[in-house]
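Student: As a plain string of letters, each chain reads:
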Amino acid sequence: MGRTLALAAAALLAWSGTGSAQDPATLVTRGIQAYDALDLAAAAGLLRQALAAPSEVGITPEQRTTALSYLGATEFLRGSTDSAEAAFRRLVTEEPRYVLDEVVFPPEMTALFARVKRDTKVVQPAVPPVARFQAGDPSYRPELIASSSHQIIATVNGSDGMPVRLLFEGLIGDSLELVWDGLTTWGSAVESGRYYLRIESLGQDREPVRVVRVPLDVTVLSVDTLAHPAPPSDSLYLPERMQGGPALEALVGGLVASAGIALLPSVVASDASLSGGRIAVAGTVAIGGVVGYLMQRPGKTIPSNVQHNDRIRQQWRASVDQVAQENARRRDRARMLVSAGPPAVVDLEAP
Amino acid sequence: MSRAAAALLACAAVLLPDGRADAQPRFGGQLRGVLSLAGVERTRADLTAQLDGTLIGLDGTLRFGMFELGGRYLEGGIAQGDGVASQDLVDGELQVRVRPVRFLAIGFGPHARSYVEAGTERWLVWEASAAMSAWLVRDVLRSSIDLRLGLGGSVNSGAAFGAGRSVAGGLELRFPRTPIFVGVAYSVDHRSLADDSRIDTVEQFVVRAGVWP
Numbered sequence: 001m002g003r004t005l006a007l008a009a010a011a012l013l014a015w016s017g018t019g020s021a022q023d024p025a026t027l028v029t030r031g032i033q034a035y036d037a038l039d040l041a042a043a044a045g046l047l048r049q050a051l052a053a054p055s056e057v058g059i060t061p062e063q064r065t066t067a068l069s070y071l072g073a074t075e076f077l078r079g080s081t082d083s084a085e086a087a088f089r090r091l092v093t094e095e096p097r098y099v100l101d102e103v104v105f106p107p108e109m110t111a112l113f114a115r116v117k118r119d120t121k122v123v124q125p126a127v128p129p130v131a132r133f134q135a136g137d138p139s140y141r142p143e144l145i146a147s148s149s150h151q152i153i154a155t156v157n158g159s160d161g162m163p164v165r166l167l168f169e170g171l172i173g174d175s176l177e178l179v180w181d182g183l184t185t186w187g188s189a190v191e192s193g194r195y196y197l198r199i200e201s202l203g204q205d206r207e208p209v210r211v212v213r214v215p216l217d218v219t220v221l222s223v224d225t226l227a228h229p230a231p232p233s234d235s236l237y238l239p240e241r242m243q244g245g246p247a248l249e250a251l252v253g254g255l256v257a258s259a260g261i262a263l264l265p266s267v268v269a270s271d272a273s274l275s276g277g278r279i280a281v282a283g284t285v286a287i288g289g290v291v292g293y294l295m296q297r298p299g300k301t302i303p304s305n306v307q308h309n310d311r312i313r314q315q316w317r318a319s320v321d322q323v324a325q326e327n328a329r330r331r332d333r334a335r336m337l338v339s340a341g342p343p344a345v346v347d348l349e350a351p
Numbered sequence: 001m002s003r004a005a006a007a008l009l010a011c012a013a014v015l016l017p018d019g020r021a022d023a024q025p026r027f028g029g030q031l032r033g034v035l036s037l038a039g040v041e042r043t044r045a046d047l048t049a050q051l052d053g054t055l056i057g058l059d060g061t062l063r064f065g066m067f068e069l070g071g072r073y074l075e076g077g078i079a080q081g082d083g084v085a086s087q088d089l090v091d092g093e094l095q096v097r098v099r100p101v102r103f104l105a106i107g108f109g110p111h112a113r114s115y116v117e118a119g120t121e122r123w124l125v126w127e128a129s130a131a132m133s134a135w136l137v138r139d140v141l142r143s144s145i146d147l148r149l150g151l152g153g154s155v156n157s158g159a160a161f162g163a164g165r166s167v168a169g170g171l172e173l174r175f176p177r178t179p180i181f182v183g184v185a186y187s188v189d190h191r192s193l194a195d196d197s198r199i200d201t202v203e204q205f206v207v208r209a210g211v212w213p
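Residue numbers (my numbering), protein chains in the order written: chain A, 1 to 351; chain B, 1 to 213.
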């Protein structure tokens, strides 16, 4: 009769287990009841079943942490310390701040949990899902919650995995608030695109033991930049070397005028007795023409024009630099929209 | 009108439509003080007399685009070497010029010259001119030569005007970065009555200084 009852109970348990697959919350409750009744095998089965439920019919985070704490306690009572540690480790990983209730669980159990928690280096990021801020303002503030004190490195990485900004490197205690201003290490605003907030938990030998990354979709809202000044028109430049024209004008102009002064008076006043003084004037003009030719001979550099052109070029370069600086300043003060995705643990074993 | 005068006017007509005048300020001008050492060789009835003297005056130009209005006024005394025959000489002219290209100005206008002794003998000649100038050193040193031809004229003595022609040329130096300039020039002006009973040749060495805005 007793055997029949036991089989009936097992069948009922199996049936109820099947039913609870569709209701993980009930499984958790029943698992706790089984734990309280010291039916440890049933409790372990029920709790594992609840934790293994598909996510679409899963349990709430609170029920999940409860299930894991009772599972660890169950395994501890069953003498399976490794399984208990595994359950507690899983619990700490999912809820780093969790503390085992000392009223409910015996001191040996809470001690084991505390040890597991101390040895498990986990950081859980709490990132604002959407944030708007101006580049340069230290307004983006993700919070990190740690299971225990340990060394971490927090960076913002590009989509290629290369770090663009180191946010923190050092010891995290209970929690830590990171600050990012939207700038790279070099002080310029990041461009629109996918970035990652990467938190690396380091072990004793500073080797990464766990890496969590949060995708950040950064959108730089439109910036009104100034157009670069157009290069100076060619018409503003003066020839830097003497052309043939001025030299030719000097030579021809001087010689023609000189010849005219020397010869034409005799034609105009052929019957007059003219003084020879005009030859001095004509000679002066001729010498002026030759000097003018030599001073302006083709190919000769014109220093004043070179200076003039340099001044124009320098003014243009200065205005380009000014606009570039202003645009960089505007870009560095651009408004940004950062949308964060769900955190994901990076598989360190993956190639 | 003489053949030469016709040729001069024809040249002006050809050059007038030329639009290649270099860019210049729309308005401008020059004002110069002129000191002239003048010598007048006067031939009258195969007798030649030489009168020398110093003239002083002003020379100015107003420019409106490619057009110019020029004027000159000089006066002074001339006398024969022995000082017995002295006269006052007053010389004035007005010219309207057009500068179709930078190096050439063509003009036309009256040129009056008076010899004042007991009475006043005034010669008035309508002159066509062609003045060429060239920069020997850009904006610093400039040469010029000015040819003139009398197209017609009159003398208040009642004698028939014969011919008039002149040539002048010189050099002007502008002090860098200032509007001040100085210049030297030489000119010969030849006028005669129709019957050649009177021929005056005025030869001048001129020193000029002025403002060239």
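Careful: at least some of the hints might be erroneous.
Rough simulated footprint, nothing fancy, chain B against chain A, three-plus residues with beta-carbon under 8 angstroms [unchecked claim]: (1) 191 to 202; (2) 254 to 261; (3) 264 to 274; (4) 312 to 326.
Derived from the structure by calculation, the hints contain no laboratory data. All figures in this text were calculated on a predicted structure; none of them were measured in a lab. For glycine and all other residues, C-beta sits at the position ideal for the given N, C-alpha and C.
Student: Could you run down the list of hints and mark each one as holding or not?
Tutor: So, going through the hints one by one against the coordinates:
Interface restraint, the stretch 191 to 202 of chain A with chain B: violated (0 residues with C-beta to C-beta distance below 8 angstroms; minimum three). Closer than 8 angstroms: that is the beta-carbon criterion, and the stretch 254 to 261 of chain A has 6 residues meeting it against chain B, so the requirement of 3 holds. Here the stretch 264 to 274 of chain A counts 9 residues with a CB under 8 angstroms from a CB of chain B, which clears the bar of 3, and the coverage holds. Counting residues of the stretch 312 to 326 of chain A whose CB lies closer than 8 angstroms to any CB of chain B gives 0, which falls below the minimum of 3, so the coverage claim is violated.
Hints 1 and 4, counting from the list given before, are not met by this structure.
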